[in-house]
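J.: Chain residues, written in single-letter form:
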Amino acid sequence: MADTASVPRPGRLAPYRAVLTSRVQAQVSYRASLGMDLFAALLLGLVELAEVWLLFHNAKIIGGLTFSAVLLVFALADLSFCTADILFGHLDKLPRYVRAGTIDVFYLRPQPILLQLMTSDIRIHRLTRPAVSLFALGYALTHNAIDWGPGTVGMLVLALVCGPVIYSAVFVIAAGLQFVLVNGAEFTSSFVYGGRYAASQPASVWPGAIKVTFGFVLPLAFTGYLPALYILGLPGEGIFRPELAWALPLATAWVVVLAGATWRFGLRHYRGAGG
Amino acid sequence: MSSQTAAVVPGRAALLRTLRSAVLPYARLTVAGFRQQSTYLGAAAAGVFTNAVFGFVKMAILLATLQGAGGVAGGYTPQLMVSYIFLSQGMLTAIGAFGGDGALAERIRTGDIAVDFLRPLNVQFATLATVLGGAVYSLIPRALPLVAIGAATSMMAWAGEPAAYPLAAVSVLLSIVLAQALLYCVQVLGFWVVDTRGIQMFYMVVGTFLMGMFVPVGLFPDWLARIAEYTPFAWILMPPCDILSGRIDVAAGLGTVAVQVGWTVAVLAVGQLLTAAGRRRLEVQGG
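Chains as they are written, first to last, in numbering that gives the first Met the number 0: chain S, 0 to 274; chain B, 0 to 286.
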C-alpha cells in the first residue's frame, strides 16, 4: 500500500509516448533499411510530381490551370496527405489485425481504441516524401502572381491546418469500414489513394459523380483545388468557386463527424475472432 | 519391321513420360494458383470498384490533357486513351503492379525457402507457376468487368484487324510472365538483404512510372520514352494495350511482341542466376 502511494502515477499520455518511442526506435535501429525506405519515399514523391509535369509537357493549360497554378493544388493536397499518412497511414493495416484477431488486444486496454490505434505507429520512414510537396509549394508560391494580403495568407494557413485533418479523417473512415469489409479491404483504396490522386489535380475536370464524392461527401477538393483558386485569384468553374474555400472549417468539421460515426459503426460491428 | 516400330514406340513413350513428369508439376501448380485466387471474389469486386474509380479520375485528367493539347497527343486520340486506361487498369493485378503478395520474400526471410530447395522442382519455375495461375485468373473477375465499364463509356477504340486479338492474347500472357519474373528477381534479393520492403517499394515506384501506369509512355517526352524503352517496364502495359486498341497495327505488334519475348527470356535467366547464387549464400538456422 505504502509503496504504491510513494511511486508517482505515470501521466495520462505516458502509455502513448512509450508506444510511439518504441516504434521510432524500431525503425531507426535498422539503418540500411531506414535509408532505403526514406529514399523510396522521396522517389515516390518525385514520381508523383513528375506525373503532373508529364501532363503539362503535353498541354499548356489543363482544366483552366497552368503548370505553376496546378503545382499549388498538388503541393497543398499532397502536403496534407503526406502529413496524415506519416501520422495515421498505419490505420491501413487494420484489416490485418481484424483478420488475425489481434485487434482484440486493443479492446482489453483501458484506453479509447481509436486513440490507441492512431498512436500505435508512426511512419518516420516516409518523412522524406513531403519534401517534394514542400518544394512544389515553394515553387508555386514564388512563380504565380499572388496578391498577398490577410485573405491569401489566411487561406494558405487554413489549408495547411485543415488539409491534414481532412485526410486523417479519411484514414479513420477507411479504418472504420474495414471492420465490415474484411476481405474487400481494397475498396477503401478507392477513396484514400484514389482521393489523394484526384485531389492533386484540378477538380474542374472531374466527372459529375466524382465531383460530388470527392468535392463534398469527402471534401477533398477543399484540400487543394479550392484554396488554390482563392490564393491565385482564379474564377474556378461550375460549383467550384474560390469563395467556397472559406467553407474549409465547415468541411473539415463535417468529415471529422463522419469519421467518428463511421468508426463507431465499425467498432460495433466487430464481433471478435473467438480465440 | 515390327521390331523397329516396337523400338520407336517405347522410345517415344519414354520421352513423353519424361516430358510429362517435367511439365506436369508446374501445370498443377498453375491450376492450384488459379483456383486459390478464385476464392477471393469479394476482394476482386472491391478491386474492380477501386480500379474503376481510378480509371475515371485518370480518364478525366488525361482527356483534359488531350483537349489542352488540341485533341491528339503522343498518337493518342480520346478513344485510344480511354482504351488504354481501362485495359491497363484491368491488368494491374495480373502484372502485380502493387508488388504482389511478397510471399516469396517472406519465405526467404523466415528460412522456409530451404524446404522449397529440397523439393525436386526448380524453385523459380514452381514459384512463377503458382503466381501465374493466380495472375491469369485475376483477368476474369478484374480485367473483364473493367473492360465492360470502359466499353460502357462507349469511347473505347478496338483494333480493326482480326489478327490483332490472338496477338494481343499472346502479348498479355508475355506481359504477365515478364512482370512476375521481374517481381521474382526483386524478392530473391532477400537472400542478400534482410528486409526487402524498401527495395520492393523502390521497384514499384520506378516500375509503375516507367510502365506508364498513370501517364502512358506515349505521352512521355522523347528522352524519357527512350529511357523507358531500354528497360523491361515499357514492354509490360504498353504492348497489349496498343495492340488491342489498334494504336499500332499487327505488323508493328509482331515486333513489340518479339521484344517482349526477348525481355522475358532475359529476365527469367537473371532469375535463375540469382536463385542459384542465393542458394549458395543461404544459411538457415535452427533445427
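Hints listed in this document are in silico derivations from the structure and should not be mistaken for laboratory results. Take these hints with a grain of salt, some might be off.
Claimed, not checked - Derived lysine to any residue pairs resembling SDA-like cross-links, with alpha carbons at most 20 Å apart:
#: 1; chain 1: S; residue 1: Lys59; chain 2: B; residue 2: Phe48
#: 2; chain 1: S; residue 1: Lys59; chain 2: B; residue 2: Gly101
#: 3; chain 1: S; residue 1: Lys210; chain 2: S; residue 2: Pro149
#: 4; chain 1: S; residue 1: Lys92; chain 2: B; residue 2: Leu62
#: 5; chain 1: S; residue 1: Lys210; chain 2: B; residue 2: Ala51
#: 6; chain 1: S; residue 1: Lys210; chain 2: S; residue 2: Arg270
#: 7; chain 1: S; residue 1: Lys210; chain 2: B; residue 2: Pro220
#: 8; chain 1: S; residue 1: Lys59; chain 2: B; residue 2: Gly74
#: 9; chain 1: S; residue 1: Lys92; chain 2: B; residue 2: Ala45
#: 10; chain 1: S; residue 1: Lys59; chain 2: B; residue 2: Ala51
None of these values were measured; they are calculated from a predicted model.
J.: For lysine 210 of chain S and arginine 270 of chain S, compute the direct alpha-carbon distance and say whether it is at most 20 Å.
T.: violated, 36 Å
J.: Lysine 59 of chain S and glycine 74 of chain B were given as a pair; does the straight-line alpha-carbon distance stay at or below 20 Å?
T.: Within the cut-off at roughly 18 Å; holds.
J.: Decide if the proposed pair is consistent with the structure: lysine 92 of chain S and leucine 62 of chain B, CA atoms, cutoff 20 Å inclusive.
T.: violated, 34 Å
J.: For the pair supplied as a hint, lysine 59 of chain S and glycine 101 of chain B, is the alpha-carbon distance within the 20 Å limit?
T.: violated, 41 Å
J.: Can the restraint linking lysine 210 of chain S and proline 220 of chain B be considered satisfied, given a maximum Cα separation of 20 Å?
T.: violated, 31 Å
J.: Would the hint linking lysine 210 of chain S and proline 149 of chain S be met if the CA-CA limit is 20 Å?
T.: violated, 29 Å
J.: Need the status of pair lysine 59 of chain S, alanine 51 of chain B: alpha-carbon distance at most 20 Å?
T.: It is violated: about 28 Å lies between the C-alpha atoms, which goes past 20 Å.
J.: Take a quick look at whether lysine 92 of chain S and alanine 45 of chain B sit within 20 Å of each other, Cα to Cα.
T.: Given that 20 Å is the threshold and the Cα spacing comes to 17 Å, the pair holds.
J.: Need the status of pair lysine 210 of chain S, alanine 51 of chain B: alpha-carbon distance at most 20 Å?
T.: Roughly 15 Å between the alpha carbons, so the hint for lysine 210 of chain S and alanine 51 of chain B holds.
J.: Need the status of pair lysine 59 of chain S, phenylalanine 48 of chain B: alpha-carbon distance at most 20 Å?
T.: It is violated: about 32 Å lies between the C-alpha atoms, which goes past 20 Å.
The structure fails to meet hints 1, 2, 3, 4, 6, 7 and 10 from the earlier list, while all remaining hints are met.
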